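Protein chains: 2
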Amino acid sequence: MSNQLPIDAIAANEPEKARAFVEEALGKDFAYVCVIGTTDTSLIPGITVAGASPELTTYTPPADVEYVLLGRCRCIPAVPVTPEGIPTPALITRASIKLSNAPALVAVGGLKVKPKTPYINLGGEHGGDIRTGRALPRETVSEVYERAKLLGRELSKACDFLVIGESIPAGTTTALAVMVAVGVDAWGKVSSAMPNNPHQLKSEVVREALRNAGIEPGSCADDPLAAVSSVGDPVIPAFVGLVAGASKEVLVIAAGGTQMGAVLSLLKGLEPDALENVAIGTTRWILEDSSSDLVGLVKQIGRVPILAAKLDFSQTSAEGLRYYERGFVKEGVGAGGSAIAAMLKSKGEISAKRIAYEVERDYASLITKGYAE
Amino acid sequence: MSNQLPIDAIAANEPEKARAFVEEALGKDFAYVCVIGTTDTSLIPGITVAGASPELTTYTPPADVEYVLLGRCRCIPAVPVTPEGIPTPALITRASIKLSNAPALVAVGGLKVKPKTPYINLGGEHGGDIRTGRALPRETVSEVYERAKLLGRELSKACDFLVIGESIPAGTTTALAVMVAVGVDAWGKVSSAMPNNPHQLKSEVVREALRNAGIEPGSCADDPLAAVSSVGDPVIPAFVGLVAGASKEVLVIAAGGTQMGAVLSLLKGLEPDALENVAIGTTRWILEDSSSDLVGLVKQIGRVPILAAKLDFSQTSAEGLRYYERGFVKEGVGAGGSAIAAMLKSKGEISAKRIAYEVERDYASLITKGYAE
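Chains as they are written, first to last, in my numbering: chain A, 1 to 373; chain B, 1 to 373.
FYI, nobody ran anything at the bench for these hints, they're computed from the structure.
Which copy is meant is left open, because identical chains are indistinguishable; a pair holds if it fits in one copy or across any two.
Simulated pairs of lysine-lysine, DSBU-like, Cα-Cα distance not exceeding 35 Å:
#1 Lys369 to Lys157
#2 Lys268 to Lys98
#3 Lys310 to Lys116
#4 Lys116 to Lys347
#5 Lys369 to Lys248
#6 Lys28 to Lys98
#7 Lys347 to Lys299
#8 Lys268 to Lys369
#9 Lys353 to Lys116
#10 Lys347 to Lys17
#11 Lys310 to Lys353
#12 Lys98 to Lys248
#13 Lys98 to Lys17
#14 Lys98 to Lys369
#15 Lys299 to Lys353
#16 Lys268 to Lys112
#17 Lys28 to Lys157
#18 Lys299 to Lys28
#19 Lys17 to Lys157
#20 Lys157 to Lys98
#21 Lys112 to Lys369
#22 Lys310 to Lys347
From a predicted model like this one, the values you see are computed outputs, not experimental measurements.
Taking the hints into account, I'd like the entire structure generated from these sequences.
Written out as structure tokens, the structure is:
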């Protein structure tokens with residue numbers, strides 16, 4: 001693993017392309033957009049901890065973006081936490097964006113609960129449980145993809161590079177299903193916000209989904225939006241459309257963990273040139289996760305660099321954050337990619353340590369005052 | 001009327017401030033956002049020609065932004081026209097933005113019919129007929145204002161100056177009502193898309209609205225959002241919030257005709273410092289309209305410069321566009337301000353003539369192919 005980057009990040013794949021990406025983006029302005037969505041798949045007990053209970057997972061994406069934009073949540077009384085009380089990675093995202101003075105926007109793939117912030121509607125809807133094999137109407141998936149492409153085109157005119165994050169509980173399970181449907185061997189390779197990755201449950205859900213959709217592994221390779229319609233979620237077409245639209249003009253950081261495998265595999269089918277202008281931005285915690293394999297997923301798809309922010313919460317005084325060092329949460333809301341973008345824009349002046357300090361301060365403020373400054 | 005500007009525009013008010021504004025914005029990048037909304041007020045026969053029939057006026061704002069973003073309409077089969085078939089000023093907006101390669105976004109104050117494009121939801125709703133005296137719930141107005149302020153803040157980080165346009169049929173009537181409610185003498189001063197400005201009808205509607213709302217002229221001066229809730233429309237709080245949020249960081253062109261009087265009068269009450277960073281951007285046709293008085297409205301509110309694009313369609317081969325020279329349409333969808341922004345960004349290289357040529361070409365393409373390139 002080579003690393004001579006001028007920022008606190010590891011080049012975890014395609015090190016030369018990663019360095020070239022960093023060099024091109026260094027000192028440049030970015031815009032951040034968070035794609036949010038929900039799916040009934042997150043109600044399956046044990047599938048996700050992105051919320052204190054399965055029912056609360058539908059509030060997590062809107063609450064995440066409320067926190068990023070406002071420093072407090074409005075649709076729930078406090079920031080999203082796991083059942084153990086470990087806070088959302090939106091803390092990292094907000095700190096990184098605030099330090100960078102970067103614009104932040106919200107794009108909705110499809111939601112049950114709407115955020116009480118400005119948000120960009122892309123014509124989508126909340127997704128069904130993928131076990132039905134009918135997650136989203138096919139025309140909705142196409143419409144969201146096309147509108148997101150248009151949005152990506154417009155946003156590319158307003159920044160030097162674009163950072164796209166996501167928040168969707170159970171998103172790794174739907175990503176697994178979509179990747180298998182388009183022909184990526186993703187079994188046992190997606191990550192989890194839990195240290196004990198429930199691979200068996202995810203695989204059972206995905207097998208049932210594929211069976212009910214009449215999909216064999218790889219049978220959607222020529223029609224990847226059909227995979228999303230059958231066994232995907234509303235974030236995927238929005239995210240892929242944004243990358244497809246923006247990457248014609250600017251560099252794009254696809255900010256996330258193993259779900260980015262689904263994004264890249266769709267791009268490969270729909271807009272292969274886009275892969276030339278994309279890097280995955282993630283966290284050290286994803287790379288170090290022995291229960292998943294982001295690099296192994298990406299290598300199957302294309303030569304896309306992976307940058308991982310060397311975030312470290314081991315020295316933080318906040319117990320909730322120290323859990324990140326024990327394999328909880330790891331990534332989400334574009335946390336890793338936002339941190340990398342902040343480092344890039346500031347030419348490395350904003351360090352991983354500076355971000356961790358800011359997160360710690362915000363977390364303390366949340367606990368004492370109920371909001372971050 | 002002084003005019004030594006390096007662009008094809010007239011400084012119609014506060015010439016020194018206008019020149020300073022132009023100097024500061026020259027060569028800079030802008031973003032364009034169109035605020036759209038609808039109100040049942042537009043269904044009153046004779047009040048507006050922003051649509052081929054009163055019923056079609058609810059389609060005009062979504063169709064306008066579809067045309068700006070896509071070069072074609074989706075919610076109706078062709079671009080919005082007056083009952084005489086005169087086309088929407090969105091033609092000017094699209095031409096100006098396209099020539100500038102500027103980002104364009106859509107913000108929704110409240111609509112009956114949604115555009116088939118990405119659009120930013122601000123938590124608003126379609127407005128009621130103001131004659132009821134209850135146009136919009138008070139909490140909705142405040143929510144839209146606050147969310148728009150947040151959006152303005154984010155957009156200000158992504159551009160050097162912001163151009164805000166609007167599309168709402170019957171918008172001059174609701175603007176008249178709001179201006180009177182906050183204490184501006186606006187009677188007989190608002191413009192119309194018709195050469196025969198129906199001042200009598202507008203005044204009757206507004207008097208009925210104020211009577212049913214229990215509002216005396218000026219009685220809402222200390223609570224301007226109450227005026228919007230009683231006798232306004234969903235575009236006003238969104239537009240005002242955007243200006244309030246963005247003008248803390250960047251210059252803002254409030255792009256429109258006499259409706260901008262309502263915007264400025266609310267800013268004066270809610271965020272008076274914002275008036276220092278705002279110019280109205282409009283068209284020559286508004287200035288030359290003897291049936292309305294934009295300058296007279298603005299002078300009552302504050303020292304805000306007015307820039308009017310010297311657009312001229314008298315030589316165009318397209319008959320529909322030549323009607324603009326006979327007092328039809330005049331302004332809308334931020335046409336004048338977009339044209340000025342295009343001139344500013346290009347340091348005058350994009351001339352009024354160049355924009356008129358582009359509009360003519362797009363209009364020909366619309367007629368022959370059904371879309372603009």
